[in-house]
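Participant: Could you build the full structure based on these sequences and the hints that come with them?
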Amino acid sequence: MIVYALVGKSGTGKSTSVLQYCHEHNIPAIIDDGIFILNGSKIAGTSAKYEKNYIKAVKRATFFYEDHCKEVMDAIQMTCVAKILVVGTSVKMVNLIASKLELGKINKYVDVSEIRTSMEINMARHMRNTQGKHVIPIPYTQVETNRLKKIIQKGKKLFSKQAKYIGEVTVIQPRFTKGTIMIHENVYRDVIIHTCKTLHFVRNAKIVESDFNTFQGVTIEIELNWQLEKNIYEPLEKVQEMVNEVLLSYFEIEMNTIDIQLAAIKLEI
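Residue numbering for the sequence shown follows this note's numbering, starting at 680 and increasing by one per position.
Mixed in with the good hints there might be a few duds.
To be verified - Derived SDA-like pairs: lysine to any residue, alpha-carbon spacing no greater than 20 Å straight-line:
| id | residue 1 | residue 2 |
| --- | --- | --- |
| 1 | K787 | S769 |
| 2 | K784 | T768 |
| 3 | K784 | T796 |
| 4 | K876 | L941 |
| 5 | K917 | E900 |
To be verified - Pair ranges (Cβ atoms, derived):
| id | residue 1 | residue 2 | range |
| --- | --- | --- | --- |
| 6 | K749 | S769 | 22 to 28 Å |
| 7 | C759 | D890 | 43 to 49 Å |
| 8 | N923 | V737 | 31 to 37 Å |
| 9 | V737 | K945 | 55 to 61 Å |
| 10 | N923 | S792 | 18 to 24 Å |
| 11 | E793 | F743 | 26 to 32 Å |
Everything labelled a hint here was simulated from the structure, so no lab data went into it. The model shown is predicted, which means the values in this text are computed figures rather than measured ones. Ideal Cβ placement from N, Cα and C applies to all residues, glycine included.
Facilitator: The structure is reproduced here in structure tokens:
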């Protein structure tokens with residue numbers, strides 16, 4: 680058996696990306712959060728996201744409980760898979776899981792940053808921090824709803840780059856989450872306007888359009904104090920750069936687009 684490992688901190692979108700990675704590398708089996716998944720369907724185990732607290736969730740994910748560990752080991756042996764991917768938050772964790780399940784030495788380690796862009800990772804972190812959403816890479820119909828406190832939504836079907844269907848993920852709200860952080864859209868708007876006005880050449884600024892949840896784009900209308908002989912693109916690009924840096928620093932949002940509309944110029948002599 681060839682053993683792969685996908686490593687990344689909690690909330691970076693590992694479970695969302697794992698089906699695409701397995702499809703591209705012809706890996707039929709996955710170990711993620713305490714469950715054994717084969718060809719997109721749960722075969723054995725219990726998700727760590729069903730646990731009542733974080734400590735128990737970690738124990739479940741690392742197969743601390745003997746009956747749970749044996750159930751998954753037996754299932755893996757019966758299926759005789761040639762390739763398997765172990766998902767974890769660190770190299771130490773995936774090594775522990777591989778040892779517990781007697782998978783042998785891990786042949787290839789992959790960091791989540793190798794298969795996801797920084798924008799995708801920051802978006803996943805933002806969604807985790809503000810909405811507490813977690814993903815299980817199995818279909819909604821296989822989720823044991825009676826064991827969960829709350830199902831958030833069905834998640835989505837995943838397709839390859841060639842539009843081929845490769846599986847489904849389910850989005851849930853685990854019982855061990857600390858809660859959610861609600862940030863009103865006006866907060867983002869106020870921060871953007873304040874950032875623009877800290878630049879000495881910006882006379883005024885306002886938000887024309889914005890989307891901070893899905894598309895992640897914003898359109899800003901500004902008025903400038905500027906000298907006629909200077910390149911007009913310089914201050915506009917500076918506004919884009921500053922807004923992007925502030926949103927990334929404060930909220931871990933990496934905007935998809937920051938469009939600047941120039942409404943007026945007061946010429947300086």
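Participant: Failing hints, ascending?
Facilitator: The structure conflicts with hint 3 only, although it agrees with all the remaining ones.
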